[in-house]
Amino acid sequence: KAGVTQTPRYLIKTRGQQVTLSCSPISGHRSVSWYQQTPGQGLQFLFEYFSETQRNKGNFPGRFSGRQFSNSRSEMNVSTLELGDSALYLCASSLGGVTGELFFGEGSRLTVL
Amino acid sequence: QKEVEQDPGPLSVPEGAIVSLNCTYSNSAFQYFMWYRQYSRKGPELLMYTYSSGNKEDGRFTAQVDKSSKYISLFIRDSQPSDSATYLCAHPNTGNQFYFGTGTSLTVIP
Chain A
2 KAGVTQTPRY LIKTRGQQVT LSCSPISGHR SVSWYQQTPG QGLQFLFEYF SETQRNKGNF
62 PGRFSGRQFS NSRSEMNVST LELGDSALYL CASSLGGVTG ELFFGEGSRL TVL
Chain B
15 QKEVEQDPGP LSVPEGAIVS LNCTYSNSAF QYFMWYRQYS RKGPELLMYT YSSGNKEDGR
75 FTAQVDKSSK YISLFIRDSQ PSDSATYLCA HPNTGNQFYF GTGTSLTVIP
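For the protein sequence lines, the chains are A and B, in the order given. The numbering of the first sequence is the numbering used here, which starts it at 2 and goes up by one. The numbering of the second sequence is the numbering used here, which starts it at 15 and goes up by one.
Okay, chain A solo, but in the shape it has when bound:
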């Protein structure tokens, strides 16, 4: 069974640009969550989508957005990039239960110059 696939794995952008990251969940998983990981803050929850609906949202500015498609694939977008957005962005899929295990991808490492 294929795992969670994230693309691109690495990318470099400059301040003010925007970026779109993609996530393909494990087949059959309807929940996709996004996390930002930085050395100082650890993993911080961005948002979760379940059956194309945003079910929960973390405490991030509106520059961070996402969506989920009918095939459960998800994208997240960051507009007007800032230096502080440099991080590893992790996507996780699950069956969607309350305490369901999260299956993470390898992440997309974003560097903002």
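No wet-lab data here; the hints were simulated from the structure. Hints should not be assumed to be uniformly reliable.
Claimed, not checked - Each computed DMTMM-like pair below joins lysine to aspartate or glutamate, with the alpha-carbon atoms no more than 25 Å apart: (1) A:Lys58 to B:Glu59; (2) B:Lys84 to B:Glu59; (3) B:Lys70 to A:Glu102; (4) B:Lys70 to A:Glu76; (5) B:Lys56 to A:Glu107; (6) B:Lys81 to A:Glu102; (7) B:Lys70 to B:Glu59; (8) B:Lys56 to A:Glu76; (9) A:Lys58 to B:Glu17; (10) A:Lys58 to B:Glu19; (11) A:Lys14 to A:Glu102; (12) B:Lys16 to A:Glu53; (13) B:Lys56 to B:Asp72; (14) B:Lys84 to B:Glu29; (15) B:Lys84 to A:Glu76; (16) B:Lys84 to B:Glu71.
Unchecked claim - Some chain A residues close to chain B (C-beta under 8 Å, calculated; not the full set): (17) Ser32; (18) Gly43; (19) Glu102.
We treat Cβ as the ideally placed atom computed from N, Cα and C, and that holds for glycine.
Once you've looked at the hints, dock chain B against the given chain A.
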């Protein structure tokens, strides 16, 4: 105060040592806890989960929850170089939102 706090380390031990990794949590209503392991350049993977108080053992790993002190621990017996990774404690919130500790980096020296 963060919902889950974790000593970031780093922690370096010789092979065969017993390792203790610890977290504290703020909300006494939390009952379900998880430990994730993250190897370098990889995403986290679930190592163990435990519910409420007490111990849970899985091979060389033991997860322990002390609700009276709001303390979560992971013990690794007979540590191996392959255990070198970052260990993250976590608690699920609503809607599949998880609170994670910042992670403890562990290196096991052969």
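message: To test your reading of the hints: which numbers does this structure violate?
response: 4, 11, 12, 14, 15
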